[in-house]
Amino acid sequence: MHELSICTAIAAIVREHADGRPVDRVRIDVGALRQVVPDTLAYSWEVTVDGTPLAGSILEVHEIPAVLACGDCGADTTISVPVFRCPCGSTSTSVVSGQELLVTSLELCPV
Amino acid sequence: MHDHDGHTHDRGERDVGDHSGYESGDLRVDVLERILGENERTADANRSDFAAANVAVVNVMSSPGAGKTTLLCEVFARLAPELRVGVIEGDIETAIDADRLAATGVPVALVNTANGFGGECHLDATMVRSALQRLALDDLDLVVIENVGNLVCPAEFDVGEAARLMVYSVTEGEEKPYKYPVMFRSADVVAINKVDLLPHLDFDIDAFESNLHDVNPAAGQLRTSARTGDGVEAICDWFRSVAETHVRVPTPHDEDE
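Residue numbers (our numbering), protein chains in the order written: chain S, 1 to 111; chain V, 1001 to 1257.
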């Protein structure tokens, strides 16, 4: 349940950037290679912000697929299971995307 | 609709600081901040302190009951004559493991994570930082951080370590690297522990090693039994090499972006 820790960290970032303005929506990028469960994250967000000025804000999770770049054949491959091998057979791969864990933007409440 | 501390913020009159992307009338605020950035900054501060004290640090992770503590007791007994070892012990509750490790003669700083928010399932860089004050780093060569037993959360939190050891027991099944790829990918070395039980199990160790290689082709693999001592010397050699070289190994956030 490190989703609670993650939500606490998100709330700190949101508070800093919102600077007291009411927040309607928080957008985050979560890579597929992060062991973070979007539904658990949404629930943890409600728990984390309950009773704070951020209560009622929506946590919008954008899932980013895991993509490998092959060091041998140069191809980029999107993987859906955690096997870090290029279709060419090479295990000399690097992760192009899928490790993201970012607050990307906020949507403020209209005044 | 939102109760935000009762103040009205008139955008025209109030300095809202440097919020790049924010303009008057625009409801979108661009942020682009790493969620674990604060933890990463604290981990870097820990790393600086470790470097200043010339101490090598290993983060040891596993599921509950894989045999971390028993294996570490065996390792410390062998390393004691040559290396000055200290331990940071993370547990949700109790000092049971800390007491077992202290019985080997090493100084132990215990962190009970239940003091944190909701009883944390992992150590983060701040918890490790608080424990550092209770270890005389300048008098040590190697600090071993025994993380909370958990196959998911500890892998996400850099605590400033140089290297990561994962202890995995043969009673846990061959398929686990596919189910817990973040943890298995974060390890520099995986100790495949309790191999003395293999004759009593259906566990296919070759299949496990192949699965682990699929998920983390770069990980070292060592077969161990803390009970019989098999492979313990090889783990000790790995600790010795970390203590000697202070290997700086990639941590998960190095691969970001």
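Worth flagging that the hints you see were computed from the coordinates, not collected in a lab. Don't take each hint at face value.
[Unchecked claim] Quick list of the computed label-pair ranges, beta carbon to beta carbon:
| # | chain 1 | residue 1 | chain 2 | residue 2 | range |
| --- | --- | --- | --- | --- | --- |
| 1 | V | ALA1234 | S | ASP24 | 51 to 61 Å |
| 2 | S | VAL96 | V | ALA1102 | 39 to 49 Å |
| 3 | S | THR78 | V | ASP1030 | 20 to 30 Å |
| 4 | S | CYS73 | V | ASP1138 | 20 to 30 Å |
| 5 | V | ASP1206 | S | VAL96 | 27 to 37 Å |
| 6 | V | GLU1082 | S | GLU63 | 42 to 52 Å |
| 7 | S | GLU16 | V | ASP1099 | 16 to 26 Å |
[Claimed, not checked] Selected chain S positions facing chain V (in silico; Cβ < 10 Å):
| # | residue |
| --- | --- |
| 8 | SER5 |
| 9 | ILE6 |
| 10 | VAL26 |
| 11 | PRO65 |
| 12 | GLY74 |
[Said to hold, decoys possible] Chain S regions said to be covered by chain V (calculated; three or more residues, Cβ under 8 Å):
| # | stretch |
| --- | --- |
| 13 | 80-91 |
| 14 | 102-108 |
Even glycine gets a Cβ: it sits at the ideal position worked out from N, Cα and C.
Hints, verified against the model:
At about 56 Å, the CB distance of V/ALA1234 to S/ASP24 agrees with the hint of 51 to 61 Å. In this structure the supplied range 39 to 49 Å holds for S/VAL96 paired with V/ALA1102, their Cβ-Cβ distance being about 45 Å. A hinted range of 20 to 30 Å for the beta carbons of S/THR78 and V/ASP1030 is consistent with their spacing of about 26 Å. For the hinted restraint 20 to 30 Å between S/CYS73 and V/ASP1138, the CB-CB distance of approximately 50 Å leaves it violated.
Between V/ASP1206 and S/VAL96 the CB atoms are about 31 Å apart, so this pair conforms to the stated range of 27 to 37 Å. The hinted window of 42 to 52 Å between V/GLU1082 and S/GLU63 holds, with their beta carbons roughly 48 Å apart. As the Cβ distance of S/GLU16 to V/ASP1099 is approximately 42 Å, the hint placing it in 16 to 26 Å is violated. Annotation: interface hint on S/SER5 holds; nearest CB of chain V at approximately 7 Å, less than 10 Å.
Hint status for S/ILE6 relative to chain V: holds, with the closest Cβ pair at about 6 Å, below 10 Å. The interface hint given for S/VAL26 holds, since its Cβ lies 9 Å from the closest Cβ of chain V, which is under the 10 Å cut-off. For S/PRO65, the interface hint is violated, the least distance from its beta-carbon to any beta-carbon of chain V being 14 Å, above 10 Å. Because the closest C-beta pair between S/GLY74 and chain V is about 18 Å apart, greater than 10 Å, the hint is violated.
By the rule of at least three residues with a Cβ nearer than 8 Å to a Cβ of chain V, the coverage given for the stretch 80-91 of chain S holds, with 6 such residues. Here the stretch 102-108 of chain S counts 7 residues with a CB under 8 Å from a CB of chain V, which clears the bar of 3, and the coverage holds.
Hints 4, 7, 11, 12, counting from the list given before, are not met by this structure.
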